[in-house]
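K.L.:
Letter by letter, the chains look like this.
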Amino acid sequence: MNGSEFSWSEFLHMGGYATFVWSSYGLALVMVVFNIVSPMIERKRVIARVKRAIKREANSRQTS
Amino acid sequence: MFKRIWAWIQKFSSPKHFYRISGKMIPWFAVPAAVLGVYALYMGLFVAPTDYQQGESYRIIFIHVPAAWMSMFIYMVMAVSAGIGLIWQIKLADMIAAASAPIGAWFAFLALVTGSLWGKPMWGAYWVWDARLTSELILLFLYFGYMALQSAIEDQRTADKASGLLAIVGVVNIPIIHYSVEWWNTLHQGATVAKFDKPSMHIDMLIPLLLMAIAAKLFYAAIVLIRARNEVLYRERNRQWVKELVEKL
Amino acid sequence: MLKAFYHLLARDLRLAFRSRHELANPLIFFVLVVTLFPLAVSPSAEVLRVMAPGVIWVSALLSVLLSLDRLFKQDYEDGSLDQLMLSPNPLVILVLAKVCAHWLLTGLPLVLVAPLLAMFMYVPDEAIGVLMLSLLLGTPVLSLVGAIGVSLTVAVNRGGVLLSLIILPLYIPILIFGANAVDVASDGMSVRGQMLFLGAVLALALSLAPLATAVALRITASR
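Chains as they are written, first to last, in the numbering used here: chain X, 1 to 64; chain G, 1001 to 1249; chain W, 2001 to 2223.
In isolation and in its complexed conformation, chain X is listed as follows (with noise of 0.2 Å):
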């Protein structure tokens, strides 16, 4: 990129390194992602729980 126009595959192929910076930025976008997903799974997961929790409890009272 010294000075000259930019040209995209000059920035992909990283001055030679390509495998190494893109490999290391791919995978802290996996690892946000990641981040970002799993608690969100997660929430869904304890959601779901409690309100089975609520509702066998609703089940137990009505049977008795």
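Take these hints with a grain of salt, some might be off.
[To be verified] Listed below are several chain W residues computed to face chain G (Cβ distance under 10 Å; list not exhaustive): (1) Phe2005; (2) Thr2035; (3) Leu2036; (4) Val2145; (5) Thr2153; (6) Val2156; (7) Pro2173; (8) Leu2175; (9) Val2184; (10) Met2195; (11) Phe2197; (12) Ala2209; (13) Ser2222.
[Unchecked claim] In silico lysine-lysine, DSSO-like type, Cα no more than 30 Å apart, as pairs: (14) G:Lys1248 <-> X:Lys55; (15) X:Lys55 <-> G:Lys1016; (16) G:Lys1217 <-> X:Lys51; (17) X:Lys44 <-> G:Lys1024; (18) X:Lys44 <-> G:Lys1016; (19) G:Lys1003 <-> G:Lys1016; (20) G:Lys1011 <-> G:Lys1091; (21) G:Lys1091 <-> W:Lys2073; (22) X:Lys51 <-> G:Lys1248; (23) X:Lys44 <-> G:Lys1011; (24) G:Lys1217 <-> X:Lys44.
Quick caveat, the hints were computed from the structure, so don't treat them as lab data.
The model shown is predicted, which means the values in this text are computed figures rather than measured ones.
Note that beta-carbon positions come from the ideal geometry of N, C-alpha and C, so glycine has one too.
Since the structure of chain X is already known, use the hints to place chains G and W on it.
P.N.:
Structure of chains G and W alone, referenced to chain X:
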């Protein structure tokens, strides 16, 4: 005066209150984190100049160094909140500590992998027993120990206190471990070809690095709140307010 | 207070000597592990001499680790730990007594058997004294820090692997300085710095670890 502060702390730190407030706080961390993160990426990948020694490979620094900082920062947060939980019996602090551990472990892992990906072009090997990488590896083990203990003890209160104490013991040990690893490394200097010296930091390199570090802190703040909210829902699942809240969802 | 200390120390020693065969196990383990290395790597003196400090220290560390269980586990299971915690004496002192007993029964024998292993591993004669001294300063720290780990996991079923996971990272500084002292002494250089470090860590562990252990016991072992 102290009484009023104490009352305020107790009110804010009650799980119910925390749940309500934190829900509103999350976007205030998440949005700036995303904006800053993208901007830092742009600065780091497009604006920052090529390093004259390491070429383009140094750009890994914008991931590696913030991740390493975060892994240490989160351990400190974890130990401090575990200490607060242990001394003042504030349940919320325990939940923050428990919610922090996996995030910190992920950052430590990221720092290790990016470190070795950086090491390959610099040292010619994916792994070199460099002082910083070794310390980072030990930090990852400390996180694993904390999480293992947390999940091994059935009773939640006991698990919180026991793992909290472990986190504090770990914090006392970290400087000793760090110092001894540094010392060990200087003895065996032959193993390392070049250290991860920060390339003579150009201001255009420093700015994306710092921006990325701030973005990472904001990201952590948002995620730890989300995780802590899950902990609140799960641990307070038998409380009336959780039941009422869940039925509305 | 001192009386309670001696009393508990004497009790633990007496109990241990009642089952003498168990007493020797960590020691045999120590020798056995070191013996594996010449078999696995090479019996040549040059190779073994280079590895010796590390091998002996790692083996010592593992054998202390495996013996940590008996520090509180049995007392926890038969209820005598509850009694100790109810006693009017400060728990810190009692913990210290138990750790002392543990060290006398495992750490000290390791120190005494070390010259034999030094011979196995071709450690030069002038380094044997340093090896023993480094173990003498280092093994008490292993017992003290280990006590924190055992007290945290005392109520966990099959906590053996968990214990290693939480304790081994904390052992690293001792390992580094202990092994290095022997290494440096083999080259005939001064080991003053290493010994001072080990001594400093011992002083730190001696003052803080029993406190942490006492707190941990109150958390995990109270039923």
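K.L.:
Which numbered hints turn out to be false for this structure?
P.N.:
Of the numbered hints, 1, 2, 3, 10, 16 do not hold.
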